[in-house]
Amino acid sequence: MSPEVKPDSLLNAEGLRFDGRRIDELRPVQMEVGVLKTADGSASIRQGKTYILAAVYGPRELHPRHLTLNDRAFLRVVYRMATFSVPDRKRPAPSRREREISMVIANALQPVLFLEQYPKAVIDVFIQVIQADGGTRCAAINAASLALADAGIPMRSLVPSVAVGKAEGTLIVDLGDEEDKYGEGDVPLAILPGTNELTLLQQDGSFTREELMEAMQMGINACKYLHELQKDALKRSYSKKAPEGEDDDDEMDDYDDDLETDLGEADIMEDE
Amino acid sequence: MSPEVKPDSLLNAEGLRFDGRRIDELRPVQMEVGVLKTADGSASIRQGKTYILAAVYGPRELHPRHLTLNDRAFLRVVYRMATFSVPDRKRPAPSRREREISMVIANALQPVLFLEQYPKAVIDVFIQVIQADGGTRCAAINAASLALADAGIPMRSLVPSVAVGKAEGTLIVDLGDEEDKYGEGDVPLAILPGTNELTLLQQDGSFTREELMEAMQMGINACKYLHELQKDALKRSYSKKAPEGEDDDDEMDDYDDDLETDLGEADIMEDE
Amino acid sequence: MSPEVKPDSLLNAEGLRFDGRRIDELRPVQMEVGVLKTADGSASIRQGKTYILAAVYGPRELHPRHLTLNDRAFLRVVYRMATFSVPDRKRPAPSRREREISMVIANALQPVLFLEQYPKAVIDVFIQVIQADGGTRCAAINAASLALADAGIPMRSLVPSVAVGKAEGTLIVDLGDEEDKYGEGDVPLAILPGTNELTLLQQDGSFTREELMEAMQMGINACKYLHELQKDALKRSYSKKAPEGEDDDDEMDDYDDDLETDLGEADIMEDE
Amino acid sequence: MTDFSSEIISHIDRGFVADLLSKGERVDGRAFGEYREIIIEPNPVAAKAEGSAIVRLGDTSVVAGVKVLTGPPYPDTPDEGVIMIAAEMAPMASPLFELGPPKEPAIELARIVDRGVRESKTMDAKALCIKPGKLVYMVFADVYTLEYDGNLIDASSIAVNAALLGTKFPEIKLEDGEEVATGKELTLPLQNMAIEHTVAKIGNHLVIDPVLKEAMVMDCRLTMAVDKNDNFTAMQKGGGAGPISLEMVDQAMGMALDSSKEIRELITSTMKNPE
Amino acid sequence: MTDFSSEIISHIDRGFVADLLSKGERVDGRAFGEYREIIIEPNPVAAKAEGSAIVRLGDTSVVAGVKVLTGPPYPDTPDEGVIMIAAEMAPMASPLFELGPPKEPAIELARIVDRGVRESKTMDAKALCIKPGKLVYMVFADVYTLEYDGNLIDASSIAVNAALLGTKFPEIKLEDGEEVATGKELTLPLQNMAIEHTVAKIGNHLVIDPVLKEAMVMDCRLTMAVDKNDNFTAMQKGGGAGPISLEMVDQAMGMALDSSKEIRELITSTMKNPE
Amino acid sequence: MTDFSSEIISHIDRGFVADLLSKGERVDGRAFGEYREIIIEPNPVAAKAEGSAIVRLGDTSVVAGVKVLTGPPYPDTPDEGVIMIAAEMAPMASPLFELGPPKEPAIELARIVDRGVRESKTMDAKALCIKPGKLVYMVFADVYTLEYDGNLIDASSIAVNAALLGTKFPEIKLEDGEEVATGKELTLPLQNMAIEHTVAKIGNHLVIDPVLKEAMVMDCRLTMAVDKNDNFTAMQKGGGAGPISLEMVDQAMGMALDSSKEIRELITSTMKNPE
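Listed in order, the protein sequences are those of chains A, B, C, D, E and F.
Here my numbering is used: position 146 in the first sequence is 146, and no number is missing along the way.
Take any residue in the second sequence, count from 1 to its spot, add 272: that is its number in my numbering.
Take any residue in the third sequence, count from 1 to its spot, add 544: that is its number in my numbering.
Take any residue in the fourth sequence, count from 1 to its spot, add 816: that is its number in my numbering.
Take any residue in the fifth sequence, count from 1 to its spot, add 1091: that is its number in my numbering.
Take any residue in the sixth sequence, count from 1 to its spot, add 1366: that is its number in my numbering.
Be careful, since some hints might not be right.
Said to hold, decoys possible - Subject to a maximum C-alpha distance of 27 Å in a straight line, what follows is the list of computed BS3-like cross-link-like pairs (lysine-lysine): (1) D:Lys947 with A:Lys6; (2) D:Lys1000 with B:Lys309; (3) E:Lys1194 with C:Lys664; (4) D:Lys942 with A:Lys6.
Keep in mind the hints are simulated off the structure, nothing from the lab.
This is chain A alone, in the form it adopts within the complex:
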């Protein structure tokens, strides 16, 4: 591992960040769909040095049975960090932090799913953080919604997510580890791209009401961009799946029919 050094300043005289980014610039993001063979659906995301895998199984029978919901599927999200994904070794057992993050990720994803179509079943979303470098819960949501789509589970839309923060009084988008550690606050959020409504919202640090409103707006803008990247990733995966010689667009059209668009959002593939 590269030893972490506290930077002299998180923002330089030109208004550029520690790692050279503009204040509203995302780290390099790579998303890939269908990366795991055994899962029903899967995706990976690399965002800066953060590296996360998401796998989806289901809808399938739920064990243990006492968790069964009679009127809808149980969306079970399990967010886990590898022991070696952080500077100090994480203890192997699930921490309270991991359990809370699993819960907020489930809340962030649930609004786009039609859980009532699968009473008594479970949809499992397993998230493994391979390397953590800030923004893992947001990156996890980006990957998990791709994995759900890859599993063929009907969705109203994908869910993009990003964290906005504050460094030396300036709002900045997509915090890396140093900005998270030495900055003044963190606002992770996720949105429904069709309505811009928030499905994840947390905050720590210290913000005025006006700063928070601006931070959330910056986050929504960044999510719009991430949503495009998600759709690109999904499109690439369908191209790969299409048998050679067949028309890729047909393949995608088929998929479109499976997607519901209740929230008035443009269909995921439409504007590609």
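Model the placement of chains B, C, D, E and F on the given structure of chain A, informed by the hints.
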């Protein structure tokens, strides 16, 4: 918290105790019934600095089901101490001591209940020690039997309980923390007031057979007095519940009919 | 306990071991059948200073039910070491080592059982190490198969087991603690005496392929001898059970009929 | 805490609550931005805990207690004291709470209340250091739920802050490697107390301090910690998966700011001048 | 240990046992105040444990082992050794015992046996101190149940006391902060060994050392630790919720006193002169 | 890992696989002694872990990461570093794996992989000592399963060895009781890397690197760790209760020896020269 100091002597030349009590004198006792809104029945007790809440739920369906008894209700008692109720912080998880005390409290209460009337159900008794200053298991029994009555669960009688101890060779009633710590023994007991039979009996320290007999007799006498205080507390709660202008006695008569008196005890309210 | 001292040498000039044994000589072995009254079957083994008890219950109903197998009995082996059975105090909770050894013992015993005759049931094998002085998993298998026979559970044969090791370059049979600790390797194995097939095989240390083949052959030879000792122990237990004045041989003949010999092995009692 | 809605609450209940709200009314008659009566009982555990408070929020009540111990600091923060905030959803408080190890709602409660203290930098952790790398004060604040009629978070936040404010503990020094009590009594180095405010979203309406009936039909809740300078120091959307618009978040923040000063003053006046 | 009665035992069984008792007879023919035969096997774990004993009480049997280690004392008792007594109800011993973490009956067994040692001040804890605040002897006595036919408590108490009495361990000194064995062998500082006696109440009758059939129909049991001076050093009513009168407690105490000396002598003679 | 056969796999499947093997064919067309394609991705966790590798064995894949920390040695080995190898069967990797604490198959996996490192004396534990009795390096290697199509053991063994081989960590000295980084970067003291090879027995046939379909119908498997000198340093029969003859063990050892050198070279070349 007030730092604990070891007293020079637990008994003074006049035969009075560390805190000025006579050897057979209880600490100030306040019992109150119906103190928690969400529980089916509840009571609080303050005995010296000991402060305990008891809540009763049931009879209700039992989870997990494998604990179900086919011929009677399961009396489930959970005695818990708050982390801050003792001089050193108690660890949050239930200790073996708490689990054993839960068991002996259940044994102490069970003889007055008609568990066979509620096969397969559970009656839950939750006891929270807010502040511990000696005699918590006895105070818990005093409060728990009031909470059971408050929940409208038929009972043969209330169950009063007290600890008798020994300090400098003399038997003393209702130990406080210092007497428990620096004294020579402890005999917690609980009785059926109608027959004087013991439903709780434990002992530690060192006693001769004769001392133990005397200690138990002193404990029974003290329980008789505590039983009067319990009945007073129950009476007050019924007065409060009675709609204004109505006759309190009628209200109490109704209750009396619910109580069984198999053990030949005078009915709880009778001699008030 | 006798303090452990590292021996100067594990093999002396005459080719004898630390404790005077020849390289292929077992420690003194005592096996006794039917030592526990409450179990359906039981046996004890003392092998050197190793002392182990095995108890068998079943076939009986399996709890918890989700472990139930629909087409055969569940063979549940629980190998436990007493806290005081080793030089340092073992922690009371089951260790991962104990759980793994339980699993390999179950694998070692299963081939001689007719589990498919008892669908949904459990056969419980409880093993308690009272004193551990090397070779506990092998001694446990020796005792457990006697306990299974004592419980009247049909078996193709008994399962003898022994560990072969290496000290100062020489292969030696039935390691004691010091030979295990200061030697160069350990090969515990168990066999079906009728076919010489291995039902347990593990190895640590460092061996060439040729050494391993020789070690396994030495182990098989030692198992043959242990098998005779097992049969002796079983025979003694039937003698004891036979009512006085009755013919012991008849008693044993009855037992023989219960044993299956699918593997072509001579019947357990036959050559006695 | 939990989203019990689909399992326990019928559609009729949800309709009933929502209809009332459309008429500008809440189930218990309060205004949308109005808290239930808040009663703080100072120092109920005076003999054993260094600080304590019982807080009633209508028919919700909790007890918080503070223990101050000494111990070694964490290796990565050798000059800072240790602060641990926990909360327990005891089955005593509600038929909805279960026995056993804490489940997700209890973990969330504990973490939100903890974050309200930690992220607000309520205490100056460096002032809790006795000797860097060797000995620091360890402050444990634990909350037990006694009665549950909605909004445990705010009740717990008020109770923890009240208990911390009332905490008194003996000063300890390290002399020749031994811990020695100086005989002096200290209070905690409180520098920026923040109070948590929870607003429930039900349809198009926002109500502060939701009772259980409201919590059971809400789309989600937003909890906001507000400090003395009207800064937001922690926020959590939870209590259901319903999405919320930016505008409603802004409105909720306004409701929190409107309530904050009064509650802070209640805590301060009660704990500084306990009868 | 447990009150299995209503689930497993029919009323006929209870009637049968009670009828016999009315005629002055027990199910196995013993007198009411008579123990089953007690057999103590000394030092079955001689090679690994510092002390050990197997005790048979009829068809109940247990093994106890003692380990003596060194370690730091508890902060609140810097000049005292550490004494830990535990007992396990292993499923090997009975179809009634279950796999898994200890349940209430096993916890009660462990705590009663522990209390019998601790409350009797069987050992002089201060004599187990090597260097105050730094290093003490830690004495662990663990009991495993092998066969269960009633009255595990007394069997465990006898086994633990026998094992402690036979314990030998190397003397350790602290020299320049290092632990050094002096080469001398020590025995434990036993000062007041107490034996636990269990009496079962069945209807109006009291029987000592109940077998399983009696335990299953008893109203309750009373366990009493009696020391060499005939003092009672620990007592526990358990094994069912049946109440008991003062008179019967007195009678039970008499039965315990009648048995105590003989059992103590058996332990002492067996462990002091092991074959 | 587990013997799923009787519960999940029909007799038809077992017959199908066995029939193929009788014809000299495997379900995926490989030769009996042939591994699937092995792909090693070096250092996927370069920013946080001291060493790491992702290993693909056909459609089985795992990630291994190494953390090197400092801490006190175990009392009984004061001059040796601490080495801990663990492996987790995460439910992400297979519908056959369950949530919750590790069950027997996961424990066996972890212990086999650990034994392959420890028994081979892969690392010189004494070279991991910084100051005897005070401070040593602690090497933690953890494996997470990502995709499961059989033979997790060999994939994990390869991944752990690759991650250890690529590990770099800062040198620490103890100066006046304080840990100080010298600024120098170290590699692990690897002295005898052994690779684990798993052979499945199906009827009379042996196949190396079994896929899931083979694992589900196998009688048992034999895992062998082979070091650079062709010594066997660890062995485990598992994966079912089927017995195996001495001749087949010999044959399996031959198959392991035939594959070992090539895999070792792949690990070394990939990790020593990562792109």
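Going through the hints against the structure:
no. : hint                    : result
1   : D:Lys947 with A:Lys6    : holds (25 Å)
2   : D:Lys1000 with B:Lys309 : violated (41 Å)
3   : E:Lys1194 with C:Lys664 : holds (26 Å)
4   : D:Lys942 with A:Lys6    : holds (20 Å)
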